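> If you're matching them up, the sequences are chains A and B in order. Quick note on numbering: the UniProt record's numbering labels position 161 of the first sequence as 161, and the sequence is numbered without any gaps. Quick note on numbering: the UniProt record's numbering labels position 65 of the second sequence as 65, and the sequence is numbered without any gaps.
Since the hints were derived computationally from the structure, they do not count as laboratory data. Since the structure is predicted, the reported quantities are computational estimates derived from the model, not experimental observations.
Some, not all, of what chain B presents toward chain A, calculated at C-beta under 7 Å:
1. L12
2. L15
3. L22
4. F31
5. G34
6. L59
7. G126
8. V168
9. G173
Far from chain A, some chain B residues (derived; all Cβ distances over 12 Å):
10. A108
11. A113
12. A146
13. G150
Glycine included, every Cβ here is placed at the ideal spot set by N, Cα and C.
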Amino acid sequence: MDLSIFSLATQLAVLIVVLAALHQPLGKYLANTFTSHKHLAVESGLYKLSGVDPQADQHWKVYLRSLLAFSIVSIVVLFLGQLLQGILPFNQGLGAVDPWVAMNTAVSFVTNTNWQTYVPETTLGFGIQMMLLAVQNFLSAAVGLAVVVALIRGFTRAQTSNLGNFWVDLTRGTLRVLLPLAVIGAVVLMITGVIQNWGGTSIHTLVTGAQQTVPGGPVASQEAIKLLGTNGGGYFNANSAHPFENPTAFSSLFQVFLILVIPFSLPAMYGRMVGDKRQGYTVLTVMVAFWLASTTLMAWAIAAFNGNGTSVGEGFEQRLGVAPSALFATATTLTSTGAVNVAHDSLPPLAGGLAMLNMMLGEIAPGGVGSGLYGMLILAVVAVFIGGLMVGRTPEFLGKKIGAPQMKLVALYILVTPTLVLLGTAITVAIPSLAAAAPAEGPHGFSEILYAFTSAANNNGSAFGGITSAGPGLATMLALAMLIGRFLPIALVLALAGSLAKQRKIPATTGTLATHGPLFAVLLGGISLILTALTYFPALALGPAAEGLLK
Amino acid sequence: MNAYGRQLFTALRFLLCATLLLGLAYPVLIFGLGQVVAPAQANGSILTVGDKAAGSSLLAQPVTGTAYFFPRPSAVGWDPATSSATNLGPNQTALEEAIATNRAEVAAREKAAPGDVPIDAVTASGSGLDPDISPAYATLQVPRVAAANGLSEAAVRELVSQNTSTGVNAFLGQPSVNTTTLNAALTGVQKTATGLRE
Numbered sequence: 001m002d003l004s005i006f007s008l009a010t011q012l013a014v015l016i017v018v019l020a021a022l023h024q025p026l027g028k029y030l031a032n033t034f035t036s037h038k039h040l041a042v043e044s045g046l047y048k049l050s051g052v053d054p055q056a057d058q059h060w061k062v063y064l065r066s067l068l069a070f071s072i073v074s075i076v077v078l079f080l081g082q083l084l085q086g087i088l089p090f091n092q093g094l095g096a097v098d099p100w101v102a103m104n105t106a107v108s109f110v111t112n113t114n115w116q117t118y119v120p121e122t123t124l125g126f127g128i129q130m131m132l133l134a135v136q137n138f139l140s141a142a143v144g145l146a147v148v149v150a151l152i153r154g155f156t157r158a159q160t161s162n163l164g165n166f167w168v169d170l171t172r173g174t175l176r177v178l179l180p181l182a183v184i185g186a187v188v189l190m191i192t193g194v195i196q197n198w199g200g201t202s203i204h205t206l207v208t209g210a211q212q213t214v215p216g217g218p219v220a221s222q223e224a225i226k227l228l229g230t231n232g233g234g235y236f237n238a239n240s241a242h243p244f245e246n247p248t249a250f251s252s253l254f255q256v257f258l259i260l261v262i263p264f265s266l267p268a269m270y271g272r273m274v275g276d277k278r279q280g281y282t283v284l285t286v287m288v289a290f291w292l293a294s295t296t297l298m299a300w301a302i303a304a305f306n307g308n309g310t311s312v313g314e315g316f317e318q319r320l321g322v323a324p325s326a327l328f329a330t331a332t333t334l335t336s337t338g339a340v341n342v343a344h345d346s347l348p349p350l351a352g353g354l355a356m357l358n359m360m361l362g363e364i365a366p367g368g369v370g371s372g373l374y375g376m377l378i379l380a381v382v383a384v385f386i387g388g389l390m391v392g393r394t395p396e397f398l399g400k401k402i403g404a405p406q407m408k409l410v411a412l413y414i415l416v417t418p419t420l421v422l423l424g425t426a427i428t429v430a431i432p433s434l435a436a437a438a439p440a441e442g443p444h445g446f447s448e449i450l451y452a453f454t455s456a457a458n459n460n461g462s463a464f465g466g467i468t469s470a471g472p473g474l475a476t477m478l479a480l481a482m483l484i485g486r487f488l489p490i491a492l493v494l495a496l497a498g499s500l501a502k503q504r505k506i507p508a509t510t511g512t513l514a515t516h517g518p519l520f521a522v523l524l525g526g527i528s529l530i531l532t533a534l535t536y537f538p539a540l541a542l543g544p545a546a547e548g549l550l551k
Numbered sequence: 001m002n003a004y005g006r007q008l009f010t011a012l013r014f015l016l017c018a019t020l021l022l023g024l025a026y027p028v029l030i031f032g033l034g035q036v037v038a039p040a041q042a043n044g045s046i047l048t049v050g051d052k053a054a055g056s057s058l059l060a061q062p063v064t065g066t067a068y069f070f071p072r073p074s075a076v077g078w079d080p081a082t083s084s085a086t087n088l089g090p091n092q093t094a095l096e097e098a099i100a101t102n103r104a105e106v107a108a109r110e111k112a113a114p115g116d117v118p119i120d121a122v123t124a125s126g127s128g129l130d131p132d133i134s135p136a137y138a139t140l141q142v143p144r145v146a147a148a149n150g151l152s153e154a155a156v157r158e159l160v161s162q163n164t165s166t167g168v169n170a171f172l173g174q175p176s177v178n179t180t181t182l183n184a185a186l187t188g189v190q191k192t193a194t195g196l197r198e
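Using the sequences provided together with the hints, build the complete structure.
So, in structure tokens, the structure goes:
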């Protein structure tokens with residue numbers, strides 16, 4: 001199969017035009033959503049039923065505690081729900097899920113990772129999929145939104161430690177942003193052929209006389225939020241390669257749009273909330289530059305592949321084609337989505353390595369819903385700090401001093417994910433019984449393990465699918481990577497937000513390093529790249545790079 | 001109850017309410033919309049041959065014998081009870097062997113030179129359920145299918161072109177031939193051409 005550059009360029013152009021048209025209106029809507037003082041009737045009802053005081057302005061520690069309480073409860077409910085599947089409704093006759101798998105899955109969906117160590121078709125019925133997993137698809141994405149909104153409030157507020165109300169932010173992100181978009185997305189997906197029925201499975205006699213089982217299920221409703229919330233957990237094992245999840249090349253393009261639309265609109269929200277649209281545009285420019293560069297490299301790595309004299313084919317869908325897969329593989333790993341429409345394990349070595357590099361970049365271009373922007377803002381703080389050192393002034397960002405306490409939090413944030421990825425990979429490689437989970441020989445086996453921990457710690461969820469992670473050892477290690485990779489950075493971001501909110505605002509002077517404009521964009525992009533490259537280059541060299549050079 | 005306990009209880013209540021809304025009302029709403037806007041698709045794009053439901057036009061169907069067009073290799077034996085890729089790495093020997101075996105098999109079946117077998121004919125799809133093949137692979141199968149059904153090659157080629165993707169999807173992706181709908185169309189022709197098939 002050959003990559004059509006013309007087709008790829010057209011799809012990129014379509015995405016750029018549509019996203020460019022939408023990011024300001026959607027960003028404005030998002031900003032209004034999180035700054036409005038009015039509660040919708042359904043929201044007030046929800047607050048009343050759950051015993052939330054929506055007027056309470058929470059100290060950053062209370063905000064964090066609410067977030068953690070909600071996540072812990074969600075994990076427990078998901079875990080127990082899977083263990084009790086046999087007696088819960090709509091189970092399709094499927095029984096209790098293996099406890100290690102259930103634990104891994106519960107953590108995975110609550111952390112917005114959606115790593116899937118189970119085969120959905122044979123493990124989970126409608127009930128668990130739509131009432132537990134898809135619900136977390138909404139809520140875990142809304143948690144990400146809440147955190148970035150709280151961080152932005154840290155910049156805009158002064159002399160307070162309060163960051164808003166977690167429950168209100170969670171509710172609004174879900175009901176005002178994700179739900180309406182998901183309804184629209186699901187309808188479009190159904191028109192392209194994605195199923196939404198309660199038919200279970202039905203056996204058909206085919207034209208050839210053979211028999212075949214045709215699956216059913218509430219797929220479109222889950223599919224739309226899987227992409228919009230940058231979750232990525234497929235209703236079916238093959239994820240967006242499955243014809244019932246992603247029937248045509250058009251639906252594939254639409255899915256890429258759904259992945260990107262919220263993350264690319266968040267900079268506009270940020271610009272409005274801090275009262276300076278240029279701040280948003282600068283961040284957006286860096287995101288777009290990375291996205292375009294990475295898509296181009298991915299297309300090149302796939303098009304240039306020549307394994308034993310043949311082009312790519314293994315793991316690709318003929319009905320989707322190569323260009324849509326290059327586009328999808330890039331978007332899904334540059335965000336925290338992890339849905340796939342091509343088997344990443346079978347991608348050419350350098351393309352697979354690029355998918356890893358995209359995640360290692362910290363998923364900031366444009367990144368997951370909420371998590372992408374807060375990741376980028378953390379890097380912006382680093383850029384401000386380094387810029388400040390270069391000009392010899394106390395670094396300031398949006399009128400807030402970036403001092404030692406702030407830099408400690410930021411430095412910790414930056415260390416969390418690489419530590420998890422490299423330590424997890426090293427431990428797995430060192431223990432033969434764990435390493436056996438990746439059966440491929442040579443550097444590819446290493447790549448499978450490195451990919452797994454990169455994906456888990458960055459809350460992506462895509463995989464080199466050859467690895468078996470259902471056993472207690474890997475299921476636990478990956479669950480820990482997902483858990484720590486999600487909540488430790490969130491805690492650090494909220495602590496940073498609290499420390500920023502406490503400061504009074506310093507007026508900008510002529511000597512202040514501007515955090516907008518081309519100069520800062522280059523500094524920000526350069527720092528993102530350098531941090532990633534320095535951290536991960538040795539590991540990448542042992543895996544995909546070695547593999548790509550061997551043949 | 002201390003602050004932590006209260007938070008957990010609030011969280012549980014919130015999650016239950018959210019589940020009713022997002023886990024029940026939302027999928028039911030989408031189901032309702034689907035039945036209005038796109039009932040055929042929402043119900044699985046089911047193909048009917050005669051009056052009978054005969055699988056989904058979006059899923060590959062297993063083929064044996066010589067009378068039908070073969071879909072691509074599948075890691076799950078074309079059984080939608082599950083779905084998967086082989087997940088073999090690009091340089092793995094297992095993949096090289098699988099491709100070589102498939103190539104020899106297709107070449108023998110179509111009486112073609114191994115070098116003429118297109119890549120999609122020898123590689124498994126990502127889902128294992130991809131119904132589509134390249135126009136080149138369809139062309140390769142035309143002589144065999146035509147002979148087995150007692151049809152002219154031109155007539156079969158006509159059917160192939162009727163089941164080849166066009167328009168937006170062909171442009172965004174690549175031109176592809178849906179073997180499931182193609183084989184169903186072939187069945188229709190076989191019936192009118194009485195006596196040509198035992």
